[in-house]
Amino acid sequence: KAGVTQTPRYLIKTRGQQVTLSCSPISGHRSVSWYQQTPGQGLQFLFEYFSETQRNKGNFPGRFSGRQFSNSRSEMNVSTLELGDSALYLCASSEQVVSNGNEQFFGPGTRLTVL
Amino acid sequence: AQSVTQLGSHVSVSEGALVLLRCNYSSSVPPYLFWYVQYPNQGLQLLLKYTSAATLVKGINGFEAEFKKSETSFHLTKPSAHMSDAAEYFCAVSESGANSKLTFGKGITLSVRP
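As they're listed, the protein sequences go chains X and U. The first sequence lines up with residues 40 to 154 when you count with my numbering. The second sequence lines up with residues 525 to 638 when you count with my numbering.
Hints listed in this document are in silico derivations from the structure and should not be mistaken for laboratory results. Don't take each hint at face value.
Unchecked claim - Below are the DSS-like pairs computed for lysine-lysine, each with C-alpha atoms no more than 30 Å apart in a straight line:
(1) U:LYS630 / U:LYS592
(2) U:LYS582 / U:LYS630
(3) U:LYS582 / X:LYS40
(4) X:LYS52 / U:LYS630
(5) X:LYS52 / U:LYS592
(6) U:LYS593 / U:LYS582
(7) X:LYS96 / X:LYS52
(8) U:LYS592 / X:LYS40
(9) U:LYS593 / U:LYS630
(10) U:LYS582 / U:LYS592
(11) X:LYS96 / X:LYS40
Claimed, not checked - Calculated from the model, a selection of chain X residues having no Cβ within reach of chain U, i.e. all distances over 12 Å:
(12) VAL43
(13) ARG102
(14) PHE103
Backbone N, C-alpha and C define an ideal beta-carbon position, used for all residues, glycine too.
Make the full structure from the sequences, and use the hints.
Structure, rendered in C-alpha cells:
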C-alpha cells in the first residue's frame, strides 16, 4: 500500500495570505489527524477527522481549519498567515479513530515558511 | 489531562553502547503509550506501542520499552547503538474515549559517535 502523501512538500507564503495543505491517507484509512511541529512548541495536535466529521480539535485559533472528503482525503487551511505559523505540518492516518491505541501512520509533512 | 515529559533534549552515545531514552507520562486513565522516531526531513515512524498487554514491548530496529505504572514511565532502550539510530525520538500518550488524541513529548535528539 502507498503511504500517507502530503502536498505540497514545501511552501513559502507572506503574512496575511492563506494556505491550503492536502493529505491523502493510506487506502482504507478513515481517520486523518493534523499536527504542527515547531522547534519551540514541538508536536501539537490540530484536529482529527473521521468519516468527514471533525471529532477532536486542539488549542489553535479559528484561523486553522480543516475538512475531510468522502474519499478520506483531507485538507487544512490557515487564513491570515502569521510569522509564527511557519512550521512543519504533519498529517497522520489510521484505520479507526485515535483511541484504543490505534496506530497512526505519518506523512512526510509540508514545510510552510511565512515571510 | 494527559502529558508526556522527556527530560533533556539531546543524548549522545558511542556506537555499540546502550541507548536509554527516558519518558514519563501523566494520565488520569490507563494510557496507551508510543515511541516514534523522526529522521531529518521525514515524518514520524512508529517504533513500538504499549496497549495494556505485556509491559515489556519490543519494537522495530532492536528497540524495546518497559511500561512501569508505579513510576509512570515508559523508557526506550536498545542494547547496542548503531550509527543509523541517530534521529529524533518522541514519546507519546493517548487515552481511550470519545475525545482521544495523541499528545507528544518535546522529543530527544540521539547522536551516535563512531
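Against the structure, the hints come out as follows:
Simply put, LYS630 of chain U and LYS592 of chain U have alpha-carbon atoms about 20 Å apart, close enough for the 30 Å limit, and the pair holds. Distance hint between LYS582 of chain U and LYS630 of chain U is fulfilled; the C-alpha atoms sit about 23 Å from each other, no more than 30 Å. Restraint check for LYS582 of chain U and LYS40 of chain X: satisfied, since their Cα atoms lie roughly 24 Å apart, inside the 30 Å limit. A distance of roughly 27 Å separates the Cα atoms of LYS52 of chain X and LYS630 of chain U; the hinted pair therefore holds under the 30 Å criterion.
Our distance criterion of 30 Å between C-alpha atoms is broken by LYS52 of chain X and LYS592 of chain U, whose separation comes to about 46 Å. Restraint check for LYS593 of chain U and LYS582 of chain U: satisfied, since their Cα atoms lie roughly 17 Å apart, inside the 30 Å limit. At roughly 25 Å between alpha-carbon atoms, LYS96 of chain X and LYS52 of chain X fall within 30 Å of each other, so this suggested pair holds. The suggested pairing of LYS592 of chain U with LYS40 of chain X is violated, with an alpha-carbon distance near 35 Å, which exceeds 30 Å.
A threshold of 30 Å between alpha carbons decides the hint, and for LYS593 of chain U with LYS630 of chain U the separation of about 21 Å falls inside it, so the pair holds. As the CA atoms of LYS582 of chain U and LYS592 of chain U are separated by approximately 15 Å, the hinted pair is consistent with the 30 Å bound. The straight-line distance between the Cα atoms of LYS96 of chain X and LYS40 of chain X is roughly 28 Å, inside the 30 Å bound, and the hint therefore holds. The beta carbon of VAL43 of chain X is not kept farther than 12 Å from every beta carbon of chain U, the shortest such distance being approximately 7 Å.
Remark: the non-interface label on ARG102 of chain X is consistent with the geometry, its nearest Cβ contact in chain U lying 20 Å away (cut-off 12 Å). PHE103 of chain X, annotated as away from the interface, keeps every beta carbon of chain U farther than 12 Å; the closest lies near 15 Å.
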